[in-house]
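No gaps in the numbering here: position 64 of the sequence shown is 65 in the numbering used here, and each next residue is one more.
If you're looking for bench data, these hints aren't it; they were derived computationally from the structure.
Keep in mind the model is a prediction, meaning the values are calculated, not measured.
For each residue, glycine too, the CB sits at the ideal point set by N, CA and C.
Any given hint could be a false lead.
What the hints assert, rightly or not - With a straight-line Cα cutoff of 30 Å, these simulated DSS-like cross-link-like pairs (lysine-lysine) come out:
hint, residue 1, residue 2
1, Lys58, Lys88
2, Lys92, Lys80
3, Lys70, Lys92
4, Lys70, Lys80
5, Lys88, Lys31
6, Lys31, Lys58
7, Lys70, Lys58
Claimed, not checked - Pairwise CB distance ranges, derived in the manner of DEER restraints:
hint, residue 1, residue 2, range
8, Ser242, His153, 40 to 48 Å
9, Gln150, Lys92, 23 to 31 Å
10, Asp64, Asn231, 39 to 47 Å
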Amino acid sequence: MTEQPADVDEESGRAALGRALRYLREQSGKSLGQLAEETRYDKSYLYRLETGQRLSKLAVMEDLDRYYKSGDLLVRLWKVARREVFKDRYKEFMRLEATACIMHLFTLGIPGLLQTEDVARVSLSGAQETAAEAELVEDQVVARMGRQQLLHRTPAPSVRIIIDEYALRRPVLDGKMWHEQLTHLIEMAELPSIVLQVLPFSVGAHHLMDGSLTLLWQEDGTPSAYTEGNGCAELFEDPTSVTRCRLSYDRLRDRALPPPGSIGFIRGVLEEHSS
2 MTEQPADVDE ESGRAALGRA LRYLREQSGK SLGQLAEETR YDKSYLYRLE
52 TGQRLSKLAV MEDLDRYYKS GDLLVRLWKV ARREVFKDRY KEFMRLEATA
102 CIMHLFTLGI PGLLQTEDVA RVSLSGAQET AAEAELVEDQ VVARMGRQQL
152 LHRTPAPSVR IIIDEYALRR PVLDGKMWHE QLTHLIEMAE LPSIVLQVLP
202 FSVGAHHLMD GSLTLLWQED GTPSAYTEGN GCAELFEDPT SVTRCRLSYD
252 RLRDRALPPP GSIGFIRGVL EEHSS
């Protein structure tokens, strides 16, 4: 991945967190060595946090907030910095997705690529309190609908999607809207470039219950993997990590219903919903 010059605004969250960490330490009269000894975190690790070279786990910020008696200041700054990292990785994922020739996805919910416009709007809405937030949702809906056009490229990418049965059992409240969504899933699954499988509840617990996984291959064979879950995201481009993600995906695919059975399963859910 080509590195771009650092943007001050994009780094502001992590930089602010680093400045706060250094300020609190200096105000407490501690050196990095003393802080490391008293908190049992490695000195070089604490230095990287203060200089913005590293973003810690949330638990570290909770520990340091307690140490400095700073309320939840560091936790709040960490959440801002974490969102920035998430957005940067998502932007790079979107770039790779747009040019991929093979895509393998697993999602707990209806994947954005297969959502109807109405369901996309519901899933993106959340709690809208201002007119500006409502406008932002509409912008996101437009972007999601535009993203779906990659499925209709010529030549179209080869796409395999595994959805958890959970996605089919959590309908939106509007009955007509949900009927249209299930019908759309069936129609998309019948396209020659798309394979859709359902992972039924009957397989029991599985290792991707807390998030989603996407595998991408470019025309030259270059692979990448993107995971989301619990408010964080990871983009992998090194072969070892991508291979591990692929094996994880293959295990779920082996447990999922075959494509014809999956379409039949969705038809059954649609009939249940219509009755």
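Against the 30 Å threshold, does the CA-CA distance of Lys70 and Lys80 hold or violate the hint? holds, 18 Å
Run the distance test for Lys31 versus Lys58: straight-line Cα separation, threshold 30 Å. holds, 22 Å
Outcome of range test on Cβ distance (Gln150, Lys92; 23 to 31 Å): violated, 18 Å
Just to be careful, I want the Cα atoms of Lys92 and Lys80 compared with a cutoff of 30 Å; is the pair within it? holds, 18 Å
Hint check: Lys88 vs Lys31, CA-CA at most 30 Å. Holds or violated? Roughly 34 Å between the alpha carbons, so the hint for Lys88 and Lys31 is violated.
39 to 47 Å was suggested as the range; check whether the CB atoms of Asp64 and Asn231 agree with it. Cβ of Asp64 to Cβ of Asn231: about 19 Å, so the range 39 to 47 Å is violated.
Taking the CB of Ser242 and the CB of His153, does the distance hold inside 40 to 48 Å? violated, 31 Å
Hinted pair, alpha-carbon criterion (30 Å max): Lys70, Lys92. Please report holds or violated. violated, 36 Å
Mind checking the alpha carbons of Lys58 and Lys88 for me, to see if they're no more than 30 Å apart? holds, 17 Å
Quick one, are Lys70 and Lys58 close enough, alpha carbons at most 30 Å? Answer holds: Lys70 to Lys58 is near 19 Å, not above 30 Å.
Violation of the numbered hints given earlier is confined to hints 3, 5, 8, 9, 10; the remaining hints are satisfied by the structure.
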